[in-house]
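Chains as they are written, first to last, in this note's numbering: chain A, 404 to 740; chain B, 9 to 302; chain C, 566 to 906.
Keep in mind that the hints were calculated from the coordinates and are not lab data. Please note that a few of the clues may not be correct.
Taking lysine-lysine pairs in the DSS-like style, the calculated list, with each CA pair at most 27 Å apart, reads [stated by the list, open to error]:
| no. | chain 1 | residue 1 | chain 2 | residue 2 |
| --- | --- | --- | --- | --- |
| 1 | C | 595 | C | 887 |
| 2 | C | 595 | C | 700 |
| 3 | C | 887 | C | 814 |
| 4 | C | 700 | A | 651 |
| 5 | C | 743 | C | 767 |
| 6 | C | 767 | C | 814 |
| 7 | C | 595 | C | 743 |
| 8 | A | 651 | C | 743 |
| 9 | C | 814 | C | 595 |
| 10 | C | 700 | C | 743 |
| 11 | A | 649 | C | 700 |
| 12 | A | 649 | C | 743 |
DEER-style ranges, computed between Cβ atoms [unchecked claim]:
| no. | chain 1 | residue 1 | chain 2 | residue 2 | range |
| --- | --- | --- | --- | --- | --- |
| 13 | B | 184 | C | 692 | 49 to 59 Å |
| 14 | C | 760 | B | 28 | 50 to 60 Å |
| 15 | A | 531 | C | 582 | 19 to 29 Å |
| 16 | B | 217 | A | 734 | 27 to 37 Å |
| 17 | B | 217 | A | 516 | 24 to 34 Å |
For glycine and all other residues, C-beta sits at the position ideal for the given N, C-alpha and C.
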Amino acid sequence: MNFSQFIFRRTLMVIPLLVGVVFLTFMLVRVGGLDPVGLLAGPTATAEEFDMIREELGLDQPLWKQFLIYAGNVVQGDLGESWLSNRPVLEDISARSLISLELLFWGIGLGTIIGVPLGLRAAFNPNGRFDQATRIMSLLGFSIPTYWLGLVMLFVFFYLLRWAPPGMGRISLMVSPPDFVTGSYLIDSLLSANWQAAHSALTHLILPVVCLAIVSAAPIIKQTRAIALEVIASDSVRYARACGLKTKTVRDIVFRNSATPIITFVGTEITGLVGTMSLIEYVFAWGGLGQYGLNAIVRGDFTAVQGYVLTLALFSVLVFLVVDIIIAIIEPRSELN
Amino acid sequence: MSAVSSVKAPLSTRFGNRLRGVSRLSPTATAGVIIILLFGVLALFSDLFMTHDPISSYPERILQSPSAEHWFGTDGNGMDIFSRVIYGAKFGFGIAIPAVIISVLIGVPVGLIAGYRGGLLDEVLMRIFDGLRVFPSIILALAVVAATGQSLLNVVLVLGFLDSPVFARLVRAEVLALRSSIFVESAVAAGNPTWRILFLHLLPNSIQGAMAQTAVRAAWAVRISATLAFLGVGIQAPTPEWGAMIRQGAEFMVTGQWWVAIFPGIALIFLVFGLNLFGDGIQDILDPRRRVSK
Amino acid sequence: MSLLSVSDLQTHFIFHDIDNQLREARALNKVNLTLDAGQILGIVGETGAGKSLTAQSICGLLRPPARIVGGSVLFDGQELLSLPEDELNAIRGADIAMVVQNPRSSLDPLTRIGEQLVRIHQTHSGGPLDISRQKAMEMMQAVGIPDPEGRFTAWPHELSGGMAQRVLIAMALMNEPKLLIADEPTTGLDVTVQAQILDLLKELVARFDMASMIITHDLGIVAHYCDQVAVMFAGEIIEQGTVRDVFLKPAHPYTQQLLAATPERLDLGSENQLGGQPPDLFNLPPGCLSQDRCPRATDICRTDPPMVQVAGGHTARCHFAKPASKSASKSAKPRRSKQNG
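Given these sequences and hints, build the entire structure.
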């Protein structure tokens, strides 16, 4: 089958998942006993005002009706209004999505670049010293709380060494941000040759990105090692050795045959890492979607939470889809080729 | 050159040999157990180790750096951090153990039934689990706890509930593999009622993988509960829980009073690390494929 | 001097179990073989008898916990067991080539087959790429792959089992090996294809004057395609000789049982024809390893049986095997107890 047919079919398969996601998000926020009406109305509201707000929020309708209304709204792009910011949730979210994407991209990218080679090298000498050391490091990475790591890095690099700027935002308050092209302060300032802004953006990026990279590298190292070990034990690698192929060639074979499962794994990891990223944004006041969402949850901003969770879930589904497509392209055994 | 002698060594020697065998096979598991036991002792016998009362404040000694009197210093309320860190071990275990038990109690039966019965029930359950996978677990836990009310009990319940799919999936996979095996078929043919088959025949054989995961899931529970407390959800100050203590100490990190947030963090890292070491080591021992012997 | 001369090869499984006890099993015990150019040796036995392990020990492809603990492997005058890994690697795929089971999963799934042929040639023989490509085409033709030009860019998963095995044979031949080891080359293939592959192997071995070792659990294959045979049980060669001698006049009770069971195609890979568990290598009986199955076993079998020369080039490891004598009558039936052992 050709490419567009393939994309079409894959996208079609994703739709039930999307419906399920909308449903789960809907249910999620209605699960608890928290009364959004109470929050909005405040302590001095009268019974009438309560009812008014309830009606306005549509909470007086039966549950299934509420869902249909909600689903309908979502499809039209109406995610409700945040009572904290008094702006449409969709607006809040779209303004911040690119900001988070920048952090996510650099962080996971760096984590993968560090993690995959380490995992591979550990697999080539299993139970050797390097392997043991890497395993400890990886387990440690699983154990360090991200927010704590961020705080420690701020302490060391900002307070002690004065290398990093204060952990606030993406660019120094004294510097005016560049014009909008991609949404990334770093890239946009480079594009407009605004070196001061670029420098500021870069120094603000480093700590959160390294933080995310360290935390994302841990599972990547572990899984890469496991995948590579399986590949090394496979028939094709054993045969390659029987053929007397050079070590470098065999390692190359191992790497290429590990690529697909590794990519799949990183794709599934992104879901969890989005949550971690939100915590990092919170600590560094990054101003992205993560910080917005966490604040919304903690302060009980009902509609914003709904929109935030939905966006994250949709993003995950998109990532799965993209990973599927990438693999179908590079794998000679896929139905595409 | 060939096998062991037929005379059995005394029990203590055999036990000692088993210990040595296990630690040779997996030093990580051994190290993990030691760390967990250490914290367990701290949690159970915290009175013996605390130097001060964990919730008494000394208003004149706010934000003192570590000293002979206060080994880990004092926090913004003048409370002794060392004692609070020791006391916090109680929360680590107090949350993780019930949460994992709940996950197992929910997940294992669900996995058994879904794997054995199959059909619509299985399909629906698996779809729901797959659907949940697209939500970051931290956010999910956070949202649900925030929505259901902020109490310790809620945290335990929510974490226990949210982690059960892991166990359900593991058990289900084993059951699917065993379902068509001879001994299950003969049990069915012998007329055993379903519940007997499930619990007497299938359960003991499918639970191994799930049990190996308990330490890792416990590590996750400790982590997440601390994260929730850090965000101010579920547990609040002045409770001496590590996550809440880090929250308190966050603002002081950039003003130089590093001890307020660092020590609880180190304790948290240690316990989670120990649980992860143990879980990783156990998997090494149980799964021969992972075991790459010298 | 023989091309391949294996003397007293000893391979053990050594590891510590969960009770910290050192466990050691004799996976190969005093294996002796010789092979010359143009000869086809069949190594036959049940699953777990040590056939593949012998090949792996010769080529240095053992994985832990298996380890060679003694003996010598002389190939073309060189002692393989004392060679460093990189020199051994240079011999593998060149002078000693292997054809394995599961051809479809053994080929690198991410490289086209033509490229893989070129790759193995480049690794060992170097030279310009065109020469390698040309040779690859020649070999593909030699092994009977139709349309070599077209198939050159095929992916392994596009091939059938038989076709993939032909590719493996072509790979083995690219560097003109002196010794070809085929480890269960037809197991898992279609019955009709099996004969084709074996015929091909036999023809190529003759054409290129190679020494060849075929490892199999199928006595029929040995009978049809091999000159020499070595019967293995529990890590030992219990009988060895020409196919004629061993199959027509088996001297070891185990061999006799194998052949008596079904005169034609006897496949040891299917349910154990002799009824009995495969021997536990960690709990071997003292003395003769097959005594638990032997109808003739007596007390003397609890001591190590000698390797008896039953005829010129025909040996058997059994107390009751009659050494070569001037007696004219040699029957296939076991001797009565009146004869001296």
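Exercise for the section: Hint by hint, work out which the structure violates, then give me just those numbers in ascending order. Expected result: Checked against the structure, the only hint that fails is number 2, while the rest are satisfied.
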